[in-house]
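Asks: For reference, the chains in residue letters:
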Amino acid sequence: MYILFIKFSEFVLPVFLLIVFLHAFYKKIPVYDVFVDGAKEGFGLAVKLIPYVVGIYVAVGMFRQSGAMELAIASLEPILSMIGIPGEIIPLLIVRPLSGPAALGMTVEILDKFGPDSFIGRLASTIDGSTDTTLYIIAVYFASVGVKKARYALPVGLLADFAGFGAAIFMGIC
Amino acid sequence: MNIVFLFLVVSSVVVSALSGNMNQLTEAIALSAGEAVERIFGLIGILTLWLGIAKIAEKSGLLETVTKLLQPIVRILFPSIPKGHPAMGAILMNISANLFGFGSAATPFGLKAMEHLQKLNRSNQASQAMCTFLAINTSSVTLIPSTIIALRVNAGSANPMEIIGTILFATTVSTIVAIVADFFFRLRSEKGGWR
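Just so you know, the protein sequences line up as chains A and B, in that order.
Position one of the first sequence corresponds to residue 0 (numbering that gives the first Met the number 0), numbered consecutively onward.
Position one of the second sequence corresponds to residue 0 (numbering that gives the first Met the number 0), numbered consecutively onward.
Simulated from the structure, these hints should not be mistaken for laboratory data.
There's no promise every hint is true.
Unchecked claim - Simulated DEER-style distance windows between Cβ atoms:
no.: 1; chain 1: B; residue 1: Ile175; chain 2: A; residue 2: Ile78; range: 35 to 43 Å
no.: 2; chain 1: A; residue 1: Asp111; chain 2: B; residue 2: Ile72; range: 34 to 42 Å
no.: 3; chain 1: B; residue 1: Ser103; chain 2: A; residue 2: Gly145; range: 18 to 26 Å
no.: 4; chain 1: A; residue 1: Val46; chain 2: B; residue 2: Gly155; range: 34 to 42 Å
Quick caveat: nothing in here was measured; it's all calculated off a predicted structure.
Positions of the beta carbon are idealized from the N, C-alpha and C atoms, including for glycine.
Hey, can you work out the whole structure from these sequences and the hints?
Replies: What follows is the structure, given as structure tokens:
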């Protein structure tokens, strides 16, 4: 089953490319010319994102390194463990919406320490996979089109994150 | 966003000053700025590739066909997008990429969707459709969490795919909450409560 699954996910992307190319060929589209035409937007788009991503990375980097994050974790821990959330995964809950790479690093650490098949290991895997990095996505997506006011996108995203965490923990405990 | 940014920076400097590790903080500032640019540069290749592929799918009409096919499902969520608009196609591609765990392909399609949505919006404020799209995007229902499976394989798991069901459940719950929350915030903003 596992082999089959991995094989399937290996196939999805190349097969998708094949379908796109064959369909374009069938429609007599000059594939390479059109590809280059679309692809040349890539660099400019990436460069446009730099100021926003630098801003977020620096702010989150400061938050982690200064000890402010540990303080936040320490002050939330008693409340969260009171409702039955295991202490080992509380840092992950706080970091996940802020920084994808940092959350991934934490998950790796937890998997190494407790084992991937332990209760904590499975819970950490579920939590890390339960959402995207909300702060980063919202900043980057709005930045790319020059939208300055994100309105209610951030509270909605964070609410959804916590709902996902809640679901993960609920399932882990029950 | 401004409040979060301000909170992160102010709390960091205050805590750092009180605990006396200011030089570590200074180091972290320079380091994170470099990491951010590295991250973006790492993105350029895949962004360029997928924007090219997306253009082919757009020109050949494949995107339009897929959009027409799946449109009835997502139209309820985006009432403000006109029928057959290219934004719908890009949104669908983004959701599918997330579903199959291809984060790198999801971003270019997501940015493409934002571009189309911005053409409908013509303002520097987020449109309702953008907020709904981001709500669905950040909570993205995931069928194949490829990164996590790879992590678990690396860590020597006996059953690396055990978490597929739990992640599917968690992401489904979070997406439902995102859609419901987005709906209520939208109602509130229409009444003039959120500007």
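Asks: Hint numbers the structure violates, sorted upward?
Replies: The structure breaks only hint 1.
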